[in-house]
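Let's have the full structure, built from the sequences with the hints guiding it.
Quick mapping for you: the protein sequence lines, in order, are chains A and B.
Under our numbering, the first residue of the first sequence is numbered 242, with each subsequent residue one higher.
Under our numbering, the first residue of the second sequence is numbered 17, with each subsequent residue one higher.
Hints are supplied without guarantee of correctness; some may be wrong.
What the hints assert, rightly or not - One side of the interface only, derived from the structure: several residues of chain A facing chain B at Cβ under 8 Å: (1) Pro-375; (2) Lys-392; (3) Arg-393; (4) Val-397; (5) Thr-401; (6) Leu-441; (7) Asn-469.
Said to hold, decoys possible - So the derived label-pair ranges between C-beta atoms look like this: (8) Trp-77/B x Ala-377/A: 23 to 29 Å; (9) Leu-52/B x Asp-445/A: 48 to 54 Å; (10) Leu-148/B x Asp-445/A: 29 to 35 Å; (11) Ala-428/A x Val-136/B: 42 to 48 Å; (12) Gln-296/B x Asp-445/A: 27 to 33 Å; (13) Trp-286/B x Ala-377/A: 45 to 51 Å.
Because the hints were derived from the structure by calculation, they are not lab data.
Ideal placement from N, C-alpha and C gives every residue a C-beta, glycine not left out.
Spelled out from the first residue to the last, the chains are:
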Amino acid sequence: MTIGSRRRPGALAVGALTLTLVACAPVSDSSTSNTSTSNTSTSDISSTSGSPSGGTGATSSGPDCSTTSPLLYAPGTLTVATDSPAYSPYFVNDDPTNGKGFESAVTYAVAKQLGFGRDAVHWTSVPFNSSYQPGAKKFDFDINQISITAKRAQAVTFSTGYYSAAQAIITLKDSPYAGATSLADFADARLGAQVGTTSLDAIDTEISPSQQPMVYDDTNAAKQALLNGQVDGIVADLPTAFYITAVEIPQATVTGQFQVTSGQTEEFGLLLEKGNPYVACLDSALATLKRSGTLAGIEKKWLSDVVDVPTLS
Amino acid sequence: MTETSWTPSARQRERDTFRRRQSSRRTAVALGSTVLVLGLLAYVVLSSPGWPRVRDAYFDWSEAKSVLPLVLRGFEVNVRLFLAAEVTILIVALLVAFVRVLPFAGLAPLKVLAVVYTDVSRGTPTLLVVYLVGFGLPALRLQGVPSSLFWLAVTALTFSYGGYVAEVLRAGIISVHPSQWASGRSLGLSYTQTMRSVVLPQALRRVLPPLVNDFASLQKDTALVSVIGVVEALRQAQIRSARDFNFTPYVVAAVGFILLTIPFARLTDWLSLRMTRRDQGAA
Chain A
242 MTIGSRRRPG
252 ALAVGALTLT
262 LVACAPVSDS
272 STSNTSTSNT
282 STSDISSTSG
292 SPSGGTGATS
302 SGPDCSTTSP
312 LLYAPGTLTV
322 ATDSPAYSPY
332 FVNDDPTNGK
342 GFESAVTYAV
352 AKQLGFGRDA
362 VHWTSVPFNS
372 SYQPGAKKFD
382 FDINQISITA
392 KRAQAVTFST
402 GYYSAAQAII
412 TLKDSPYAGA
422 TSLADFADAR
432 LGAQVGTTSL
442 DAIDTEISPS
452 QQPMVYDDTN
462 AAKQALLNGQ
472 VDGIVADLPT
482 AFYITAVEIP
492 QATVTGQFQV
502 TSGQTEEFGL
512 LLEKGNPYVA
522 CLDSALATLK
532 RSGTLAGIEK
542 KWLSDVVDVP
552 TLS
Chain B
17 MTETSWTPSA
27 RQRERDTFRR
37 RQSSRRTAVA
47 LGSTVLVLGL
57 LAYVVLSSPG
67 WPRVRDAYFD
77 WSEAKSVLPL
87 VLRGFEVNVR
97 LFLAAEVTIL
107 IVALLVAFVR
117 VLPFAGLAPL
127 KVLAVVYTDV
137 SRGTPTLLVV
147 YLVGFGLPAL
157 RLQGVPSSLF
167 WLAVTALTFS
177 YGGYVAEVLR
187 AGIISVHPSQ
197 WASGRSLGLS
207 YTQTMRSVVL
217 PQALRRVLPP
227 LVNDFASLQK
237 DTALVSVIGV
247 VEALRQAQIR
257 SARDFNFTPY
267 VVAAVGFILL
277 TIPFARLTDW
287 LSLRMTRRDQ
297 GAA
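As structure tokens, this is what we get:
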């Protein structure tokens, strides 16, 4: 599940390629140095900051996870990316810095675990489409409801999952599909989803309706189509679906939730530049948060309302 | 004097060989410099440290092959869209252009409307028009509004391009010399007859290249209608790209769009060439 990918950045990306092709003089690119040796990662950009690369983290036991680790985009701060606008319930009021919303809270918990104070977390806005561009990233990790898949992992590095997402179908309350009890009931429905989401894949693999699904740039467009009757239902991850029906479209209802069964349970992961060894630091922080129950607490606080949604077989 | 006995003079032969040498030297220089520049460019790109990742992200052959059928199916939508829109645009644009040039006082309110329409349609970003028509019109829940996304998309494109094409046509009509009008009228043709048989044929011939130009631009803008849910070629590419975190599908779609516009570009070349020839032939 990813929110807020747009068409333009992709189109731009194609153009940017041309620029890259023309402009790239042989500058050392961190993406080529994927090995475990401690290196300057992206520090050639932020060379003014404290500890220069080299010896400190070179112990072969693991990467340097200190707050001034040379692996960081800007040592001393944790640079975190998400899309703009940032949607509820993952962020609240489109403001990732307030610590409210599931992903904002998770980020600050991870940061705390790694030793960063609240002030040392720096947010940057990165459209979903450019989060997986090749080349040096301008962030340490991207948190944007990005589902981990094997194919995607060929282009980027994922942390371990921090949330298992179920899919859900939203319909208008007066729709004939509102009373559906199984996925098969949607065989003739016109369904919509946001582009770049695994919800879109789920329509094809789990429901495979007779009509081609409609695809929208963001959930706002999908919501408008639902209100217009241009689609019978929209598919989104469960927390998003619940938020839409509870807050944004009161005349809609979550008909039911389902798991994407063809693979294993789908999980959201933190996205890093391909081969960035800092992922080990994030993984261990996440593992601690899971062990201590902190992660479950955050999930309960921000996403707990969704448990009583019926499951579609 | 006899045809057989003539041979080029020594001077002439000298000139010929000189010209041949010049010509082959020019060819060699052009070829050499092209190869050199392209070779350098290729070298810089291929030897750059980021190239392997760029190659994997943008030029993944297996990804391209697997996405091609999807993108082609998307292009079917693009082609149907612009073929339909070209017809409706021409109709709307002709009407608007006529209203603006006809000298009938009774048409004043329509003329005002036509001016407002051209201003609004040319000033509004096409993307916005697509949103407004695709989501706004159905939201009104009026009778008779097309419910099919395809026709909503055609409506949006027609609105957006009608203004441009109307202005092109109007410019063509105005560019026909007033003496042509006068000749038509003095031959006893009515205003409408003069317009149809004397002015419009000349005007259309003149504005064909810019007209074709607008339609080439329209072909690319068919991709904009993806925002209201129509799955066309670029959207297909985006779906795949976001699923696999690979940009190759975009490159495939880009190549497709280029191939789609090339016939139009050649058509424009040929039309303007033919026009030049005819003008010169008539002179």
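Tested hints:
no., hint, result
1, Pro-375, "4 Å, holds"
2, Lys-392, "5 Å, holds"
3, Arg-393, "4 Å, holds"
4, Val-397, "6 Å, holds"
5, Thr-401, "18 Å, violated"
6, Leu-441, "6 Å, holds"
7, Asn-469, "4 Å, holds"
8, Trp-77/B x Ala-377/A: 23 to 29 Å, "25 Å, holds"
9, Leu-52/B x Asp-445/A: 48 to 54 Å, "49 Å, holds"
10, Leu-148/B x Asp-445/A: 29 to 35 Å, "30 Å, holds"
11, Ala-428/A x Val-136/B: 42 to 48 Å, "43 Å, holds"
12, Gln-296/B x Asp-445/A: 27 to 33 Å, "59 Å, violated"
13, Trp-286/B x Ala-377/A: 45 to 51 Å, "47 Å, holds"
Hint check: violations occur at hints 5, 12; the rest are consistent with the structure.
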